[in-house]
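**Student:** Spelled out, the chains give:
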Amino acid sequence: MSEHTNLVEEIIKDTKKNPTQKYTAKDFQSDQDVRWCPGCGDYSILAQVQRVMPELDIPKHNMVFVSGIGCSSRFPYYMDTYGFHGIHGRAPAIASGLKIARPDLTIWVATGDGDGLSIGGNHLIHICRRNIDVKILLFNNQIYGLTKGQYSPTSEFGKVTKSTPYGSVDHPFNPLLVALGAEASFVSRTLDRDPKHMQSVIRRAAEHKGTSFVEIYQNCNVFNDGAFFTFTEKETKDDNVLFVEHGKPMIFGKEKDKGIKLEGFTPTVVSLKDGKYSPSDLIVHNETDTMLSFILARMSNIADLPRPVGVIYAVNRPLYEAEMSKQIQKAIEKQGEGNLEKLLNHGETWEIH
Amino acid sequence: MNKNSKNKALKNLEEVTIRFAGDSGDGMQLTGMQFTSTTALLGNDLSTLPDFPAEIRAPAGTLFGVSGFQIHFGSMEINTPGDSCDVLVAMNPAALKVNLRSLRDGGIIIANRDGFNDKNLKLAGYEKNPLDDGSLDKYQLHAVDITKLTHNALEQLGLSNKLVERSKNFFALGMMYWMFSRPMEPTIKWIQEKFKKTPEIIEANTKVLKAGYAFGETTEIFAARYEVKPAALKPGKYRSITGNEATAWGLIAGSVKSGLDLFLGSYPITPASDILHELSKHKNFRVKTFQAEDEIAGITSAIGAAYGGAIGVTTTSGPGMALKGEAMGLAVMLELPLVICDIQRGGPSTGLPTKTEQADLLQAVYGRNSEAPIPVIASITPADCFLTAFEAVRLALKYMTPVIFLSDGYLANGAEPWLIPDVGSLPDISPTFRTDPQGFYPYLRDEKTLSRPWAIPGTPGLEHRIGGLEKQHITGNVSYDPENHEFMVKMRQAKVDRIAEDIPLAHVEGDEQGDLLVVGWGGTYGAIRTAVENKRREGKSVSHLHLKYICPFQKNIGEILYNFKNVLVPELNLGQLSKLLRAKYLVPAITLNKVQGLPFKSIEIENKIDEIL
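So the protein sequences, as listed, match chains L and U.
At position 285 of the first sequence the residue is numbered 290 (the working numbering), and the sequence of numbers has no breaks.
At position 92 of the second sequence the residue is numbered 175 (the working numbering), and the sequence of numbers has no breaks.
Extracted from the complex, chain U is given alone in its bound form (with noise of 0.2 Å):
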């Protein structure tokens, strides 16, 4: 961005990342998405970072309660919400202080003065009022009274100091879209909406948005004011979507298309509880949504409901995840389609709710008592949500296997324009209940996919029994034959290993071989893209793999990897894929680990690419 023009005509910009932070009762997640949903109906590109507090409403001023939402949008592609930002808007002394450091050098700090007082600076930390200590030379510098211009705003409503003070935020997104060129018309049409039934907040809202607005118009303080064109997206019909969103969205395109009713067992835990509520909303789809007692009944009832001829679905986060082992097992002992979805979180334990991480893939791949293969996919974007657990509804019915769909806390906040995909255009699924008593036999199994009949009960003359003992192979009956033990061990393993054989062969993005293979999985894709091609432009031999499917991989990983010199794997753990694509094919894998609970800046991983090559 460029910087120190007194003039205030438009300046183009190709791309600029913004970060709204306040504290948590401050509204910046609304705020942001606000911004978000009118830079999306620009047609920029765009890429978001929700970034909040476990805490609901922490307490006010402090450095843990602080809440940040960070777009990035642009005019070319945009894969990653920024590694560093270009505005910084701070509501208190403690969003300066959490979030400067990601801030560029010679950015722009929108600072709340108002916020800025003796009570808030303390709870900071700061000894002094940065604002005006020189301690912020090297940066834009732009402290307003926002609160105080908030007041000012609507005097004439004798509204009380509480709503006043809660219409802040709309000041502060009125300058942005002031200063970004963004009209405010969609934000007042969705006040008017949300607010409908309270009619002084529509008014509030809305003369506190436009003031911000006027006040970027009309003061003399920002040096500037900014345009971004629209992206040279591919044409067609976008929205805005979010991880969870779309992963609700594509569990139902996944019950139209297959002509099965859907059952979501879930227990709420963050962050999958966005899932549970968005699929709540939609009962004329035929939704079943049971909030459970518990993460085990979320996941057992899902099994009872696929039982029953339905498309049973468990959401959840890591810890869940450690509840619903058992119940796992059970389901690849059964041979029912279920979608147990993983919407990983910072860990070990409750570790960091609203942060993300990368580290159930293991947990995933292997976390049950036994022999107990599972399919396990990973979106890597939040759009592709709905693709991979559409997808992850196939393979469940198709192959009659629990399949576990992993998402993270990034890609289930974070939010991204969705070229809307054609409905006709969404692969068939199409399920078979049988219904002939002739020749059936609960575990007598298809010869292509190795999957068993779904009977279901209700239908005569194929009263039967299963359940989580060992079964006699093609009768189900129970069998503690060690010969019969082992042989069904290995046929639940080729039925997932044969999926290999339904599946897209992987694609490198650069040159089919050279010296460098960055590969990744899930929600890094964004910036390992962003990392890859910033470095081919530099003329670097380094290409991208990105999996999607890590159970079972695709069949050409192996060739992939051979073309390559080296291999590196950056992972939001310890080195999880890693240690899977070591162990299956014998590559010296280079890792590049982050584990704080945030995603990756491509700068980290273009760093990584520098070393190696």
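So here's chain L without its partners, still in its complex pose (with noise of 0.2 Å):
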């Protein structure tokens, strides 16, 4: 009894002897019909997830998309890995387990503004304070879709819906400022109609080392259509929207010539064109500056601001599972392999004969 045989580590040691293969997004795709309504910004999100995998060199039958109930949580279905479509608001939870358990695997989660913000908003807050390793997709199209259109935690105060016909007295959520408040260490934000931009902070998610938080402007054109063309919108993208990138200062509109300065802890916006500020005295972004990334989160409740978009905040900390493993591996090397007959006979014993 004494020596290990783990049915699950000769598994994974079996996958190791297999090359990893060289993948397409066409190995992605599942042969589930994917049914989202005509025109969702969900089908975007899909085609990119699947142009990245193939990148990223790790074969296919070790990634798991996990999703909790919604129109966003239909995404495993169309992921030809493995996928488990779990209970709303979940998911967070369901990875966590499943990561824990097994920390060989590549864990997304895909879910949603309600899923993840109203009924799982506990879950999400918990995976992200705990760092483990998993990627969360968060599809925000401010709507209930799958429900048929009530207003969602992200929807605008006064919204007008089929539960909120005189406009809703709920004050919204922030996606990044609950993953930051949250203590996420990577927290992100992408548009659904920005394919190059999704699929570069993908990229940064799936790199990144802990609980990733992508927030992705999605438009649900049966129920919310043009929440975010404003952000998405040719004629208006550029001068609402704020790319920001490690190392560079914050410069957004459609000639370049607007940065954002900081005036004690308030942004701003101020003009390059007159020549009284230039690009020197404009914020830098820097992932790492955990002020900042409160900043800029917040720029998305003021109006007259741009809205940031990308990677808001990156920081390397301890991830739960590792720390777990640590643990267990010292008990191990401290009292030896768990052994049943040595742990029934411990402590006080006595025999009667």
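Capping the alpha-carbon separation at 30 Å, the derived lysine-lysine pairs in DSS-like fashion look like this: (1) K638/U x K662/U; (2) K18/L x K481/U; (3) K331/L x K279/U; (4) K339/L x K277/U; (5) K317/U x K272/U; (6) K684/U x K180/U; (7) K347/L x K631/U.
Now the stretches of chain L that chain U is said to cover, found in silico as 3 or more residues with beta-carbon under 8 Å: (8) 57 to 70; (9) 100 to 114.
Bear in mind the hints are in silico, worked out from the structure with no lab data behind them.
Keep in mind it's a predicted model, so treat the numbers as computed, not measured.
In this text, a Cβ means the ideal position worked out from N, Cα and C, and glycines have one as well.
Got two chains here, each in a separate frame; can you build the complex from them with the hints?
**Tutor:** Encoded structure:
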């Protein structure tokens, strides 16, 4: 009984013998028909994920997509990897258990603003806090799609929906602030209608060691059409979106003629046109700066400021599952591999003859 | 117990019940556990009942702050913590008031006189001091200045008052060790281990323990000293074990035997938390314990781990069971192995967190949306939790199903001697993972067990998707087809029903037929066994059937029931097993229900038997 034979380890060992195949996006398409509404932003997210996956050099049988309930949560059915369609809001908890049991797997969570921030808000904040190496894609369309059009926890104040005919009186969540407040080690935002940018953010999320949080502005063309058009459409995008890049000054605008400068703790828009300000006056983005990450995330709530998009925050800190594995290794080194006979007989025992 | 002898010679007793009672800060649980370990080492059979308040440090001296620990031990077979006690150790008036009703007439009271001050008397609602007003005349009262004597014993050490006061339970323990001829050494050894970082506390507690013992020996106040010879237990190596420890170890045994890692996702809840604590200690068994953010994350993380090839376990009590309901349904749909431990307590809602009850039975069997069958098994004694938890693991892995393991507060915290099983004699558990992509379908079932293949991530060529939506038979693809849904509902039920083929037949204790069959389940085993044996000795035609498998029932239950003229079902609820038996076997079961947060006394069952026969 003392020698340790572990069935899972045998499978992992076998897997390692297989050389990693070279994949294309097509290899990640499952045989299931995609059933989102035509025109839904989810199609773009699926396409970008399928495009980035082959670059990661990870065998697809080592990948798992986990989801909860909602339109976004159909995602795993369409990926030709292992997939787990869970129950409403619980994907981060399911993924946590899976990752702790199987640190060798690469795990993604697909969730939405309702699934992730309403019914599953508790699990979302706790996975971030623990820093379990799971990548979370939160499709934010500011509406409940699958239940046909009620307001969500990210819907704007006053939103008129089926359940709020007089306008909602709920103040919305800012997903980035939720993730930052929950101590996530990687916080980012991207846009369904900007494939290149989304791919770059997904790539960064994949490379990050720890919980990666990606908010994706996603258009629901049936129940909340155009919610993000200001930020995604050609005419308005450049003047309303600030694409942040580590080490670069915060410049935006069609003519790259506007920048963000800090007045105290308050970000303000300045013009680079009249010679009064130059790029050296602007904030230089630093992904590892905690204070700055909150200021950037806060910008979403302030009118007249561009919406920051990109990797807002990225730092390394200990992984929950790695720390747990270390404790286990240490215990085995110290006490030896667990022995059932010894366990049952340790401490005070007595013989009856 | 004999009384009134002035002779201090040793008197032999077959069985004794002692109850230690005091403030929740008085260390009565510790005192009781020490007395228990020492008594177990002497080879007595025993059973314990810790009875403590939900408040961690309830205001001192109050009635609701009383903490008690009862131990019943003997040279005969002991199955219950005792209907009434022979000795009551009361550290203050509240402890006396709350526990006096459990003391038999003529029983011994050992009261800490110093605790009976005006303030405490008032708090307990005594107008006069019961130690002096003759109201306790029908008992053998010994009022001892325990606090003062403890101070005297520690005079030289210069400890703070607070520390001295904290040692006084050891004085009471020392007295009891003397009175019942128990050695002090095991406790001294324990003190040295427990307080090894604070030598002054080792010295203080040891001194006080010895002082209590010497007090018994040298003073004239105790009429007698007693001896309880070892019980004629089956030969072998024994240890003392509580239900929660046994549960944790049974789960570990399941992990060792199956070659799979154990993952526990759990949220702390009374009285289940000790399983989490115990499992957290055994990291060298590669046990992973995840203290989740809530009950739902506890079970869903365990489901995630099971998907990855671990033995997923979640532990909880009634309120947590309610929260886990949806996730249990998910596990039913996914057909993944999972063990759900429900350590029942008084309810509904928060109810009586530290008290016992058996009222989650129907919740366990039916408490989910739609048709969501889950096997339910219940342990019957503290030590039996080991084999029952192990069995839960075995069934979960073999049938790819969640399994509910039921225990209760009484079993969880109660202790008994346990004949340590031979590890080699444990049933085999040999799970297999699907690795061959040829002909793989996620819901293609094994013909014998009807279980589906376990294909874990990391296996090349078996990439597949599962989820809570209805599955198409064989392929596991999402299906809304009406006929398929009905087929799958019936299939999931058939799989659980089939377990009846894989479990031992039930056996009756007593005759196979007769006037009355007493049918119990779970933690009432000891009380029913004692009651039925007593009545059989009186010549009554009564037998005992105790169910460990509730869902599915064992195959021969109907046959057994029909062999008796009457069926009595005692339960610590308003009649839940009786409902199941009536529904399935159409027997007019007579019920005996108690819902007081306390286990049955065997006399209560005996009285009911007398009423029927």
